[in-house]
Every structure is written in structure tokens, then in C-alpha cells.
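S.K.: Chains R and F are the protein sequences, given in the same order.
When the letters of the first sequence are read in order and numbered with numbering that gives the first Met the number 0, they come out as residues 0 to 405.
When the letters of the second sequence are read in order and numbered with numbering that gives the first Met the number 0, they come out as residues 0 to 155.
Rather than coming from a laboratory, the hints here were simulated on the basis of the structure.
There's no promise every hint is true.
Claimed, not checked - Restraint-style ranges between C-beta atoms, simulated for each label pair: (1) R:T228 - F:T105: 47 to 53 angstroms; (2) F:K144 - R:E109: 36 to 42 angstroms; (3) F:E101 - R:K326: 42 to 48 angstroms; (4) R:K337 - F:E148: 26 to 32 angstroms; (5) R:Y308 - F:T105: 55 to 61 angstroms; (6) F:D90 - R:E109: 49 to 55 angstroms; (7) F:E75 - R:K19: 35 to 41 angstroms; (8) R:D211 - F:D12: 56 to 62 angstroms; (9) R:K320 - F:E75: 30 to 36 angstroms; (10) R:K337 - F:K144: 55 to 61 angstroms; (11) F:K145 - R:K61: 55 to 61 angstroms.
Unchecked claim - Derived DSS-like pairs: lysine-lysine, alpha-carbon spacing no greater than 27 angstroms straight-line: (12) R:K15 - F:K122; (13) R:K400 - F:K146; (14) R:K181 - R:K257.
Stated by the list, open to error - A few chain R positions that, by computed beta-carbon distances, are all more than 10 angstroms from chain F: (15) K19; (16) F57; (17) K61; (18) I158; (19) I253; (20) K257; (21) E304; (22) K312; (23) I339; (24) D343; (25) T346; (26) G358; (27) Q359; (28) Q363; (29) S372.
Backbone N, C-alpha and C define an ideal beta-carbon position, used for all residues, glycine too.
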Amino acid sequence: MNLNNIKNQFPIFSKKINGKSLVYLDSSNSSQKPVNVLNKLDEFYRHEFSNVGRSIHFLAVKATNKYDETRASIKNFINAKSKDEIIFTKNATESINLVASTFGQQYVNEGDEILITELEHHSNYVPWHYLRKLKGAVIKFAPINKDGDIEIDKFQKLITSKTKIIGITHISNVTGTIVPVKEIVEIAHKKNIPVLIDGCQGAPHLKIDVQDIDCDFYVMSAHKIYGPTGVGILYGKKKWLENLPPYIGGGGMINEVKKEKITYASLPTKYEAGTMPTAEVIAFNESIKFMNSIGIENLMNHEKELTNYALEKLKKMNSVKLVGNPKNKAGVISFTIKGIHPHDIATILDEDGVAIRAGQHCCQILHEKLNLSATARASFGVYNTKEDIDILCKAIENCRKVFESK
Amino acid sequence: MDLKELYQDIILDHGKSPRNFGKCKGYSHKGKGHNPLCGDQVEVYLKLNSNQKVEDLTFEGSGCAISIASTSIMTELVKGKSFESAKKIIDEFLNMIKNTKEINSTELNEDQKTKIMSLSGVKQYPMRVKCATLGWHTLISAMDKKKEEVNTEVTD
Numbered sequence: 000m001n002l003n004n005i006k007n008q009f010p011i012f013s014k015k016i017n018g019k020s021l022v023y024l025d026s027s028n029s030s031q032k033p034v035n036v037l038n039k040l041d042e043f044y045r046h047e048f049s050n051v052g053r054s055i056h057f058l059a060v061k062a063t064n065k066y067d068e069t070r071a072s073i074k075n076f077i078n079a080k081s082k083d084e085i086i087f088t089k090n091a092t093e094s095i096n097l098v099a100s101t102f103g104q105q106y107v108n109e110g111d112e113i114l115i116t117e118l119e120h121h122s123n124y125v126p127w128h129y130l131r132k133l134k135g136a137v138i139k140f141a142p143i144n145k146d147g148d149i150e151i152d153k154f155q156k157l158i159t160s161k162t163k164i165i166g167i168t169h170i171s172n173v174t175g176t177i178v179p180v181k182e183i184v185e186i187a188h189k190k191n192i193p194v195l196i197d198g199c200q201g202a203p204h205l206k207i208d209v210q211d212i213d214c215d216f217y218v219m220s221a222h223k224i225y226g227p228t229g230v231g232i233l234y235g236k237k238k239w240l241e242n243l244p245p246y247i248g249g250g251g252m253i254n255e256v257k258k259e260k261i262t263y264a265s266l267p268t269k270y271e272a273g274t275m276p277t278a279e280v281i282a283f284n285e286s287i288k289f290m291n292s293i294g295i296e297n298l299m300n301h302e303k304e305l306t307n308y309a310l311e312k313l314k315k316m317n318s319v320k321l322v323g324n325p326k327n328k329a330g331v332i333s334f335t336i337k338g339i340h341p342h343d344i345a346t347i348l349d350e351d352g353v354a355i356r357a358g359q360h361c362c363q364i365l366h367e368k369l370n371l372s373a374t375a376r377a378s379f380g381v382y383n384t385k386e387d388i389d390i391l392c393k394a395i396e397n398c399r400k401v402f403e404s405k
Numbered sequence: 000m001d002l003k004e005l006y007q008d009i010i011l012d013h014g015k016s017p018r019n020f021g022k023c024k025g026y027s028h029k030g031k032g033h034n035p036l037c038g039d040q041v042e043v044y045l046k047l048n049s050n051q052k053v054e055d056l057t058f059e060g061s062g063c064a065i066s067i068a069s070t071s072i073m074t075e076l077v078k079g080k081s082f083e084s085a086k087k088i089i090d091e092f093l094n095m096i097k098n099t100k101e102i103n104s105t106e107l108n109e110d111q112k113t114k115i116m117s118l119s120g121v122k123q124y125p126m127r128v129k130c131a132t133l134g135w136h137t138l139i140s141a142m143d144k145k146k147e148e149v150n151t152e153v154t155d
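Using the sequences and the hints, build the whole thing.
M.R.: Next up, the structure:
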């Protein structure tokens, strides 16, 4: 598979930004969409639309089957044991809220502990904070070192007899740290503590095997995996999902409804109340087909090569300071430039058609720890090329010129 | 869009060497502002004398060139003005940054108008308007003796 021509599959790259070709380096935020995903959305709404799981007419049956095909594809994509372990949500954030809320209701009491890390995105902290407020639980933060790696021995020491659940990211969306999740799950399981992995940055860039990792929950957002917005995925081991209480109540998720009593549907429908983002779920199957057509190994090699190339070039630029230096790093590079605020960097780079993100990337805890008020971030997707990195470096030079002019 | 219009020399100058930076002695009003999206923080200190005149106006904080320059220019223009006149200047500035290219001011002289209009290019960058207005909203909060912090995601 020739990855050099992959941009052709993404219509957005034919668009000019400020008269320049688009260099999109914001895939950690959200990825662009290949044409097969866009076509599927259009085709479904135009020719195949119906709600799923309810009516029995021709279109409804077809749509229901397609909807379930995506579930089966995801099951294979992350190697889950059963299709019933794949729940559709709005996004990864909702998936984490679902677990924090239902697991918290059932298993967390006053004084119990939830262990997360300093790397976490707000979406893997705020839902646990709700639980802290509601139940009087305690949240502990496993520290990172200056390189942005979790210190496993310190992590281990924070596990106590009161630890009820552990939440960790698979890849940091700031430092690009690839967290040794399998090792952490092993440590946790020795003490019978379940682990939730925030796979938002993991799923688009790594080979995911939830049975091999042995995690209890794994969450993802389709829009970061070349798919539509509005679709999140929660993987949960059956033993948990079957026993946890339902989350959002309404149509579709019930079994029997009486005036005095309600029973709930079995998995996965138990957690899919109301009309779901049907077209988006169906189109998301095309994203997985796209990923499979490239081959996850090819994709990983491509992104590794890009990351190494970018790191090498950026390290040569004296004004650029890289944030973190983790042992295993994914294609997420945060940096600062002496004397230029990240927001100004982002505006000036944009003028050259280079789209990066600036700010705290929903990680205030991490920025505070690293003593940074904000950072600029370039993050890669399958469509990026070495030429994109060259343009980024030139744009950074240009940025310095703008600020040096005074 | 032209970057030169946004990053004019005067803005780069104030961004790098902000005027009236620090905490002034004997301030009577204090305000705190925060932009949670980018992490900008600003604290404004105002000393009002017995004649209701802004005797001193300073600020501290961290932020992008636009936010620091805008706050720095604000302190220069508002210092020495009466309380009422200061309020008018703030309104005139906010109106310019959101609606008009020129500043309509009854309170500022031509030089001061030129200075403040160096910020009008921000209007073409909607995502950056909050950077330019953070210090000004924080000054309003200080003058009104509001206790809570100004938050760009809560104010308009």
C-alpha cells in the first residue's frame, strides 16, 4: 500500500487554506474523513435511511443489519470476545461517564479510592470528580516524571485496599507517551481492581487487542479514527456490563415496562437508549474498512517514521523546546517557542496553511505539573507526510521572523 | 487576512515589554481573569484616588502577545482618567473590537486613538477576540468590585 497517495482519499486536502495547501496536524483533536465514509453517510441518508431496532419494514431491517455490522467490525478491530461487549455512545467522554456513573453507583462508597494519572484528559478526570462529590470518594493521581512517563513503582504504591477502579490513558494527547497499559492491568488485576483505558489516542494509532491487554473497559471516539462525529464506543467485559445498572433510560433499552416495574434489555441494547446516531455508526464501519485496507502495522510504521523525522528536525531548531521525552512516543508532539505564546504560534502557522492546536489540550493537571501555561501541538494522522513536517518547520521559522521583526 | 495587520509593531512591542506590569501600591480595586481554553491569566490592580480618578493601573499575568499587548495598552490609556471616563473608554474599545474598524471616542486624543486602533485587526480573527478583551473585562470586574473571576467562556 502506497501511503504517499493517501491524501487523495481525503477530499478536504483539495481545499486551499489562505491560498496554501492544507497541512493538517491536529489529528489528536479530530481526524479528517476519507471519501468512503463521506459517501456512506450520503448514501445511507439518500437511499437507505430508517431508524434501527424498531420497525420491521424493509428499510428498517436493512439499517438494523448495517448498524450491527459496524458493531461486529469493531469487535474484530479491537479483538473483543463478543459483539455484546461493544456499546455505542455519543463519544469517548460519554463512555467514561457511563462507567464512572454506573460502576460508582454499584461499587464506590465513601472513602473509596479511584486511581488515575497526571496524564489524563479532562474526560478521564471530571466524570470521576462527579463520583468524588457524590459518594465522598478520593481521587489519587499517579505522578509522571519530567519525561512524561508514568513511574510504575510510584503508581503501584498508590494502590491500596480501598482502590476500586483505575483509569488510565493509552496515549497522552500532550506528550504522546504510550503508556504500558498491559503492565498496569496486570498489576491491578493482582489486586482484583478493574481498569478503564481511555483509548481515544490509542485506537487510531496502535494495534488494539483488548483480550491481550485484558482491560475491563476501553473507550474510543469514532471521529478520531477517521469516522464521523457523534459516535463513541465503550468496550466492557461482559461480566461488568451485565451486572452494572443501566445508564440513560428511555426507548429501546427496556425489556418490559409496567406501571410498578421495569426490566431492561440485554446487552448491548441495555446501554443504547433512544435513537442513536444511526447514519454515523453505519458510516463508521467504512472508517474501519479504511484502517484495515491500509493495515494497522503499515499505519504504525508510517507514523513512527514521521514522528522520528519530525523529532529529529525540531530538535535541531534552537528556539523550539519539546514537551516531554517519553520512552515510547506516538505521533503527538507538543512544543513551545521561546518568547512566543502558543496561541500566537497557532495563528501565524495557520497563515501558512498549517493547522496545529494551541492551549492546554484539555489537560490542565498535566500543564500545571510541567509548569507550562500552554503549549503548541502538532499531531499526526495516516495522511501526513515528511513534506508536511518540512512545511511545519518552515512555518515555525517564519513565526520567529514575525516576532523578531520588532 | 494579513498577519501584519494583526501583529503590528506596536502590539509586538507591548507584548514583549508590557507597560505598567506588576502590582501597584495601595490599589483599591482588583480583578482576576482567566481564559480556560488557552490558559491565559490576568490580574488587574487599580488605584482610585479621592477625586474618583484612576491614579494607577497595573496588571500581572501570562498570555499571548495579543492579550498582553491589549492589556498593556489599556493601562496606558485608562491611567489618569476619571472613573466615568475609564468606563466609557472600555465600552468604546469593546464596541470597536466587535463592531467597527474605527474607534468612536469622546475620551481619547488622536494619538491614543491610533494606539488603540492597532488592536482592531483582531476582529478578523474571531478566535482571538477573547485574547484581546480578557484584560478589559477583568478591568470592568475590578471596577465593579465583582468577587468572582472573569472567565472568557462565561462572559460573551
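S.K.: Check each numbered hint against the structure and report the violated ones by number, ascending.
M.R.: 3, 10, 13, 14, 23, 24, 25, 26, 27, 28 and 29
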